[in-house]
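Asks: Protein chains in written order, with our numbering: chain A, 4 to 133; chain B, 3 to 78.
It is worth saying that the hints were derived from the structure and are not from the lab.
It is possible that part of the hints are untrue.
Taking lysine to aspartate or glutamate and the DMTMM-like style, the derived pairs with C-alpha atoms no more than 20 Å apart in a straight line are [as the list claims (entries may be wrong)]: (1) B:Lys55 / A:Glu37; (2) B:Lys78 / A:Glu85; (3) B:Lys76 / A:Glu85; (4) B:Lys78 / B:Glu37; (5) A:Lys77 / A:Asp123; (6) B:Lys55 / A:Glu106; (7) A:Lys90 / A:Glu70; (8) A:Lys7 / A:Glu85; (9) A:Lys71 / A:Glu61; (10) B:Lys28 / A:Glu85; (11) B:Lys28 / A:Glu37; (12) A:Lys8 / B:Glu51; (13) B:Lys76 / B:Glu5; (14) A:Lys7 / A:Glu104; (15) B:Lys28 / B:Glu65; (16) B:Lys78 / A:Glu57; (17) A:Lys77 / A:Glu57; (18) B:Lys28 / B:Asp48; (19) A:Lys7 / B:Asp48; (20) B:Lys28 / A:Asp88; (21) B:Lys78 / B:Glu66; (22) B:Lys28 / A:Asp123; (23) A:Lys90 / A:Glu61; (24) B:Lys55 / B:Glu66; (25) A:Lys7 / B:Glu51; (26) B:Lys28 / B:Glu51; (27) A:Lys8 / A:Glu114; (28) A:Lys90 / A:Glu106; (29) A:Lys71 / B:Asp10; (30) B:Lys55 / B:Glu5; (31) B:Lys43 / A:Glu70.
Covered stretches of chain A, going by a simulated chain B footprint (3 or more residues, C-beta under 8 Å) [claimed, not checked]: (32) 62-76; (33) 115-122.
Note that the structure is predicted; figures quoted are calculated from it, not measured.
Note that beta-carbon positions come from the ideal geometry of N, C-alpha and C, so glycine has one too.
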Amino acid sequence: MAAKKISIIVVSGTRERLQMAAMTAAVGAVSGNEVSVFLSMNALEHFVRGNGHEPPIEGSFGKLLGEKNAPGFKTLFEQAVELGDAKIYPCSMAMDIMGVEREALESYVAEPLGLTKFLDSAADAQVFSF
Amino acid sequence: MSEPRVIDARNTFCPGPLMELIAGMKLAQVGDTLELLSTDKGSANDVPEWIHKVGHELLGNREEGGVWHITVKKVK
């Protein structure tokens, strides 16, 4: 039986959205789906190695996230890759605009991808955007 | 029969317990039994779902004083 595909586009840089995107990627990937994540816009900076700054929160739930012991979004994205074979692609356009090279990004992030290829792979997938 | 390996994910929130169990399953051998401890209510439903979906054997799921003990056997 062919694996089901899940494509996740993450452009937001806020904590709640990054958390939801990461949870979707992680749980989706470990449940037998082929998960691809596309990181662009404000999401991308959080995957630059050494970027420790906390994403801004949108609302009261963001505050709760900070207080409770839920796994952080970076841990979850990493788990999606390590435990579920998810692929996390940085948007090549966003990398150009930010002036970052692949080596500057976290090791669990895959090679840069453009929209053409990503849209192609998303054609027969469930698509989520954050 | 070997002792179940205990994975203590108490006081972490969803999807923490599920991810910890999966990390443990990856390291385990086929035939090993793992026991997940969780205080997260959401995980009490989610974890058995996952076990079922992926095809391992759910040996037990009981709650004791707010802690769920979910026992699973790695079958593949």
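Asks: Work down the list of hints and note, for each, if the structure agrees.
Replies: Hint by hint, here is what the structure shows:
In summary, the hint linking lysine 55 of chain B to glutamate 37 of chain A is supported, as the alpha carbons are separated by about 15 Å, within the 20 Å threshold. Restraint check for lysine 78 of chain B and glutamate 85 of chain A: satisfied, since their Cα atoms lie roughly 18 Å apart, inside the 20 Å limit. Between lysine 76 of chain B and glutamate 85 of chain A the CA atoms are separated by roughly 19 Å; this keeps the pair inside 20 Å, and the hint holds. A threshold of 20 Å between alpha carbons decides the hint, and for lysine 78 of chain B with glutamate 37 of chain B the separation of about 17 Å falls inside it, so the pair holds.
Among the hinted pairs, lysine 77 of chain A with aspartate 123 of chain A is inconsistent with the structure: their alpha-carbon atoms are about 26 Å apart, more than 20 Å. As the CA atoms of lysine 55 of chain B and glutamate 106 of chain A are separated by approximately 37 Å, the hinted pair breaks the 20 Å bound. Taking the CA atoms of lysine 90 of chain A and glutamate 70 of chain A, the gap is about 29 Å. The hint is violated against a cut of 20 Å. Pair hint lysine 7 of chain A plus glutamate 85 of chain A holds up; C-alpha atoms about 18 Å apart against a cutoff of 20 Å.
Restraint check: the Cα-Cα separation between lysine 71 of chain A and glutamate 61 of chain A comes to about 16 Å, which is no more than 20 Å; the hinted pair holds. Under the criterion of a C-alpha separation no larger than 20 Å, the hint pairing lysine 28 of chain B with glutamate 85 of chain A is consistent with the structure, at around 10 Å. With a C-alpha separation of about 18 Å, the suggested pair lysine 28 of chain B and glutamate 37 of chain A falls inside the 20 Å cut-off, and the hint holds. About 19 Å separates the Cα atoms of lysine 8 of chain A and glutamate 51 of chain B, which keeps this hinted pair within 20 Å; it holds.
The straight-line distance between the Cα atoms of lysine 76 of chain B and glutamate 5 of chain B is roughly 13 Å, inside the 20 Å bound, and the hint therefore holds. This hinted pair does not check out: lysine 7 of chain A and glutamate 104 of chain A have alpha carbons roughly 31 Å apart, beyond 20 Å. Restraint check for lysine 28 of chain B and glutamate 65 of chain B: the C-alpha separation of about 25 Å exceeds 20 Å, so the hint is violated. For the hint pairing lysine 78 of chain B with glutamate 57 of chain A, the CA-to-CA distance comes to about 39 Å; that exceeds 20 Å, so the pair is violated.
Restraint check for lysine 77 of chain A and glutamate 57 of chain A: the C-alpha separation of about 11 Å stays at or below 20 Å, so the hint holds. At most 20 Å may separate the alpha-carbon atoms for a hinted pair to count; lysine 28 of chain B and aspartate 48 of chain B meet this at roughly 18 Å. Taken as a hint, the lysine 7 of chain A and aspartate 48 of chain B pair is honoured in the structure, with Cα atoms around 19 Å apart against an allowance of 20 Å. Between lysine 28 of chain B and aspartate 88 of chain A, the direct Cα distance comes to roughly 13 Å. Compliance with the 20 Å bound is thereby established for this hinted pair.
Restraint check for lysine 78 of chain B and glutamate 66 of chain B: the C-alpha separation of about 29 Å exceeds 20 Å, so the hint is violated. A threshold of 20 Å between alpha carbons decides the hint, and for lysine 28 of chain B with aspartate 123 of chain A the separation of about 31 Å lies outside it, so the pair is violated. Proximity of lysine 90 of chain A to glutamate 61 of chain A is assessed by CA-CA distance (about 27 Å); at most 20 Å being required, the pair is judged violated. For the suggested pair lysine 55 of chain B and glutamate 66 of chain B, the alpha carbons sit about 25 Å apart, so the restraint of at most 20 Å is broken.
In summary, the hint linking lysine 7 of chain A to glutamate 51 of chain B is supported, as the alpha carbons are separated by about 17 Å, within the 20 Å threshold. For the proposed pair lysine 28 of chain B and glutamate 51 of chain B, the alpha carbon gap of about 18 Å is at most 20 Å, so the pair holds. Taking the CA atoms of lysine 8 of chain A and glutamate 114 of chain A, the gap is near 19 Å; set against the 20 Å cutoff, the hint holds. Taking the CA atoms of lysine 90 of chain A and glutamate 106 of chain A, the gap is near 16 Å; set against the 20 Å cutoff, the hint holds.
About 17 Å separates the Cα atoms of lysine 71 of chain A and aspartate 10 of chain B, which keeps this hinted pair within 20 Å; it holds. This hinted pair does not check out: lysine 55 of chain B and glutamate 5 of chain B have alpha carbons roughly 25 Å apart, beyond 20 Å. The suggested pairing of lysine 43 of chain B with glutamate 70 of chain A holds, with an alpha-carbon distance near 18 Å, which does not exceed 20 Å. Chain B is given as covering the stretch 62-76 of chain A, and this holds because 4 residues of the stretch bring a CB closer than 8 Å to a CB of that chain, at least three being needed.
Taking a C-beta to C-beta cut-off of 8 Å, the stretch 115-122 of chain A contributes 0 residues in contact with chain B, too few for the three needed, and the coverage statement is violated.
Going through the hint list in order, the structure does not satisfy hints 5, 6, 7, 14, 15, 16, 21, 22, 23, 24, 30 and 33.
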